[in-house]
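Student: As you go down the protein sequences, you meet chains L and A in turn.
Heads up: take any position in the first sequence, counting from 1, add 14, and you land on the working numbering.
Heads up: take any position in the second sequence, counting from 1, add 14, and you land on the working numbering.
None of these hints come from the bench; they were simulated from the model.
Careful: at least some of the hints might be erroneous.
Covered stretches of chain L, going by a simulated chain A footprint (3 or more residues, C-beta under 8 Å) [stated by the list, open to error]:
hint, segment
1, 74-81
2, 146-156
3, 196-203
4, 212-224
5, 288-302
6, 329-342
Cβ pair distances, simulated, as ranges [unchecked claim]:
hint, chain 1, residue 1, chain 2, residue 2, range
7, L, Met15, A, Ala322, 41 to 51 Å
8, L, Gly227, A, Arg286, 50 to 60 Å
9, L, Asn124, A, Arg376, 18 to 28 Å
10, A, Arg376, L, Gly304, 51 to 61 Å
Please read these numbers as outputs of a predicted model, since none were measured by experiment.
Glycine residues also receive a C-beta, built at the ideal position from the N, C-alpha and C atoms.
Number of protein chains: 2
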Amino acid sequence: MDEDEIDALVERLAEEAKAAARRLARLPTERKDAVLRRVCGALRGPAGDALLEANRRDLLAAEGMALPEAMLDRLRLDRPRLDAVADGVEAIVALPDPVGRVEDSRKLPNGLSVSRVRVPLGLIGFIYESRPNVTADAAALCIKSGNAILLRGGKEAFESNRAFAAIFEEALEAEGLPKAAVTLLPTVDRRATLAMIRLVGVVDLVIPRGGEGLIRFVSENARVPVIQHYKGMCHVYVDGGADLDAAEAIAVNAKVHRPGVCNAMETLLVDRAIAEAFLPRVSRALLEEGVELRGDPAVCALVPEARAAVARDWDTEHLSKILNVAVVDGIDAALVHIERHGSKHTEAIVTDSYARAQRWVREVDASLVLVNASTRFNDGFQLGLGAEIGISTTKLHAYGPMGLAELCTLKWVGYGEGQIRR
Amino acid sequence: MDEDEIDALVERLAEEAKAAARRLARLPTERKDAVLRRVCGALRGPAGDALLEANRRDLLAAEGMALPEAMLDRLRLDRPRLDAVADGVEAIVALPDPVGRVEDSRKLPNGLSVSRVRVPLGLIGFIYESRPNVTADAAALCIKSGNAILLRGGKEAFESNRAFAAIFEEALEAEGLPKAAVTLLPTVDRRATLAMIRLVGVVDLVIPRGGEGLIRFVSENARVPVIQHYKGMCHVYVDGGADLDAAEAIAVNAKVHRPGVCNAMETLLVDRAIAEAFLPRVSRALLEEGVELRGDPAVCALVPEARAAVARDWDTEHLSKILNVAVVDGIDAALVHIERHGSKHTEAIVTDSYARAQRWVREVDASLVLVNASTRFNDGFQLGLGAEIGISTTKLHAYGPMGLAELCTLKWVGYGEGQIRR
Numbered sequence: 015m016d017e018d019e020i021d022a023l024v025e026r027l028a029e030e031a032k033a034a035a036r037r038l039a040r041l042p043t044e045r046k047d048a049v050l051r052r053v054c055g056a057l058r059g060p061a062g063d064a065l066l067e068a069n070r071r072d073l074l075a076a077e078g079m080a081l082p083e084a085m086l087d088r089l090r091l092d093r094p095r096l097d098a099v100a101d102g103v104e105a106i107v108a109l110p111d112p113v114g115r116v117e118d119s120r121k122l123p124n125g126l127s128v129s130r131v132r133v134p135l136g137l138i139g140f141i142y143e144s145r146p147n148v149t150a151d152a153a154a155l156c157i158k159s160g161n162a163i164l165l166r167g168g169k170e171a172f173e174s175n176r177a178f179a180a181i182f183e184e185a186l187e188a189e190g191l192p193k194a195a196v197t198l199l200p201t202v203d204r205r206a207t208l209a210m211i212r213l214v215g216v217v218d219l220v221i222p223r224g225g226e227g228l229i230r231f232v233s234e235n236a237r238v239p240v241i242q243h244y245k246g247m248c249h250v251y252v253d254g255g256a257d258l259d260a261a262e263a264i265a266v267n268a269k270v271h272r273p274g275v276c277n278a279m280e281t282l283l284v285d286r287a288i289a290e291a292f293l294p295r296v297s298r299a300l301l302e303e304g305v306e307l308r309g310d311p312a313v314c315a316l317v318p319e320a321r322a323a324v325a326r327d328w329d330t331e332h333l334s335k336i337l338n339v340a341v342v343d344g345i346d347a348a349l350v351h352i353e354r355h356g357s358k359h360t361e362a363i364v365t366d367s368y369a370r371a372q373r374w375v376r377e378v379d380a381s382l383v384l385v386n387a388s389t390r391f392n393d394g395f396q397l398g399l400g401a402e403i404g405i406s407t408t409k410l411h412a413y414g415p416m417g418l419a420e421l422c423t424l425k426w427v428g429y430g431e432g433q434i435r436r
Numbered sequence: 015m016d017e018d019e020i021d022a023l024v025e026r027l028a029e030e031a032k033a034a035a036r037r038l039a040r041l042p043t044e045r046k047d048a049v050l051r052r053v054c055g056a057l058r059g060p061a062g063d064a065l066l067e068a069n070r071r072d073l074l075a076a077e078g079m080a081l082p083e084a085m086l087d088r089l090r091l092d093r094p095r096l097d098a099v100a101d102g103v104e105a106i107v108a109l110p111d112p113v114g115r116v117e118d119s120r121k122l123p124n125g126l127s128v129s130r131v132r133v134p135l136g137l138i139g140f141i142y143e144s145r146p147n148v149t150a151d152a153a154a155l156c157i158k159s160g161n162a163i164l165l166r167g168g169k170e171a172f173e174s175n176r177a178f179a180a181i182f183e184e185a186l187e188a189e190g191l192p193k194a195a196v197t198l199l200p201t202v203d204r205r206a207t208l209a210m211i212r213l214v215g216v217v218d219l220v221i222p223r224g225g226e227g228l229i230r231f232v233s234e235n236a237r238v239p240v241i242q243h244y245k246g247m248c249h250v251y252v253d254g255g256a257d258l259d260a261a262e263a264i265a266v267n268a269k270v271h272r273p274g275v276c277n278a279m280e281t282l283l284v285d286r287a288i289a290e291a292f293l294p295r296v297s298r299a300l301l302e303e304g305v306e307l308r309g310d311p312a313v314c315a316l317v318p319e320a321r322a323a324v325a326r327d328w329d330t331e332h333l334s335k336i337l338n339v340a341v342v343d344g345i346d347a348a349l350v351h352i353e354r355h356g357s358k359h360t361e362a363i364v365t366d367s368y369a370r371a372q373r374w375v376r377e378v379d380a381s382l383v384l385v386n387a388s389t390r391f392n393d394g395f396q397l398g399l400g401a402e403i404g405i406s407t408t409k410l411h412a413y414g415p416m417g418l419a420e421l422c423t424l425k426w427v428g429y430g431e432g433q434i435r436r
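Model the full assembly from the supplied sequences, consistent with the hints where possible.
Tutor: Written out as structure tokens, the structure is:
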């Protein structure tokens, strides 16, 4: 296909998905849940086997590409993982329908009854990498929230993504609904992504979720609204006077509980006042967990196992058991460091000071600001949203986890009896 | 200045404004209100006279440009208009501070207390045309909501805008605050606009408010998030069986109460079932108010005064006493017309049918959907927000009037006692 053909194809698919979005927006909850229940049944049955077969084809192709083992692991599906995907879809069925929820109802002095009603955004463009199970999570969230979804997955997972999309298409058709409500772009050509993010008036929102290159490409080229699910350059700052047992437990948890995710800690900041007391013990605990430490000179002086950090480290989301560690002169220096190197994702303080806890909460600009808790809590499930399509580091619309409610907007509705402006 | 110099200047001004935004974000309500009270005092005193003087220079220059009288009128300031601006700023002082308002508080099963706290967006880029009083409204709303503002006004109002900005700068300095919190770009070169809308990480949101050319330029070139305050292609649909007195009053009010604003009706849709009964009487009432009617063939057959509408009319925001009128085959055809020609601003039905009222509310995609009321109610004051920076037709973040709350975002805050993920 040449570029014009790709543009035409993407436009046609997006128009069909948009028409499907109009149908989905008006569906009662029962119909949407019925689709998702069919998807669960398919995942647990023969269609699941076909999906695992497709996944094996992806893995075979990937072997030729010399991908790192971490990426192969993200790509790999098996029965337990597929059951976990089905469990996730079932959990979405169990969540309340956000559509039609009424907020801010009021009666104006002239008798007009106005309120804000939650309605689907329309057509969501979703651009993501590697893990194919994200296809099912994102599609299920969009169906439940009355949106259609146009998916552009990673090329390594193309066959798996296609099999997931086919399961949704069949479930939609079996319920008499347009299968275009879940549309996977049939090409991973970058031109298709470009076409998709420029369809003003058709695609209502684009969510890029992945690495720096992907996010930058989308942000620089999109003509439609974008909510970035960007990197998590998360910090834990251990303040002088902190409970060192709690600080150690939080630091270890934030780094090693799941190092490859965006809410893992990348940099530990330690107040100079307690550096001598805290750094050796926390380093021991981290080293025991296999963490590699990259420290500033003050850290390296106290921790012989630490190697010297380079400038780039303070801005690098390692997504592995590598941790940057710096000694700072109290909360002021910690705030400056985060202002400069943070990514507005998750920032935690460990402190016993009421005043500094309050200051932290007020002054740190991040989607989740924590006192005395692990950064790992920035997650839609943990925060009570039930499920999430990702974690937004864009301040507009949704700052932090995006759940069903955040896949909707609020429209104003007014019921009158002939009111006019005087 | 060449393009590189303009880029450098805009970047420096924006960085200064952003630093000011960090100060403003933490200010107690009293300090922000004190700034605004000083602005009111200045507007009502000698600084107001200087402002009127600056406005006269703009008007003089405009005379040479052969601008239409409507535009000259929007540009013109006098004592009563300036007092109205001061009244508007005082009204903003009286509104509750949105910053720090807590929502969705909950205690997670592990004891972590989480909530969402309203915080300023940061630095708002505001691009607008003609009316200089918008400078004061927008700056006052941003200060009250803890945001800094970077203003790019129309070239016709440059001197007036500069005088408004100077009043805010003096008020900020008198309160010991950085005057960069209200920064007017010192050039109206389009390159400056371009530089401003590409400052990713510095400008947190750009709001373009104006004509189609401006909105398109910003949307196509911005790298930072944009909320469009776009045109109002608003419709009133008069359904068969509607109370014709109410329908006539609503149609006349929606068109003539203030024809030059975005929530004025541009197209009247009449159900074929009542066309013969309703069109002659509503036309008479509209013609009496000096409205020019542009009808489809069915309308022209019933209303001799109507001239034939051309295809372009159905998409034209006349912003004057020109009204498009069409006969449609019931609510289905009305919905199709609006889907095709509406601008997601305001859409009203006049009906006596419960079912069709509910269907209208459910199926029309617009920031305000009305039953039996004039489109003129889509307004932050009318809907109870207290004040507005404009009306968003972007579905993300704020759909409809943007008030103080919509100039903020919600950040998550969690207070723990050492919680870690298990």
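Student: Hints first: check each against the structure and report whether it holds.
Tutor: Outcome of the hint check:
no. : hint                            : result
1   : 74-81                           : violated (count 0)
2   : 146-156                         : violated (count 0)
3   : 196-203                         : violated (count 0)
4   : 212-224                         : holds (count 3)
5   : 288-302                         : violated (count 0)
6   : 329-342                         : violated (count 0)
7   : Met15/L - Ala322/A: 41 to 51 Å  : 44 Å, holds
8   : Gly227/L - Arg286/A: 50 to 60 Å : 56 Å, holds
9   : Asn124/L - Arg376/A: 18 to 28 Å : 24 Å, holds
10  : Arg376/A - Gly304/L: 51 to 61 Å : 56 Å, holds
Hint compliance for this structure: hints 1, 2, 3, 5, 6 are not met, and every other hint is.
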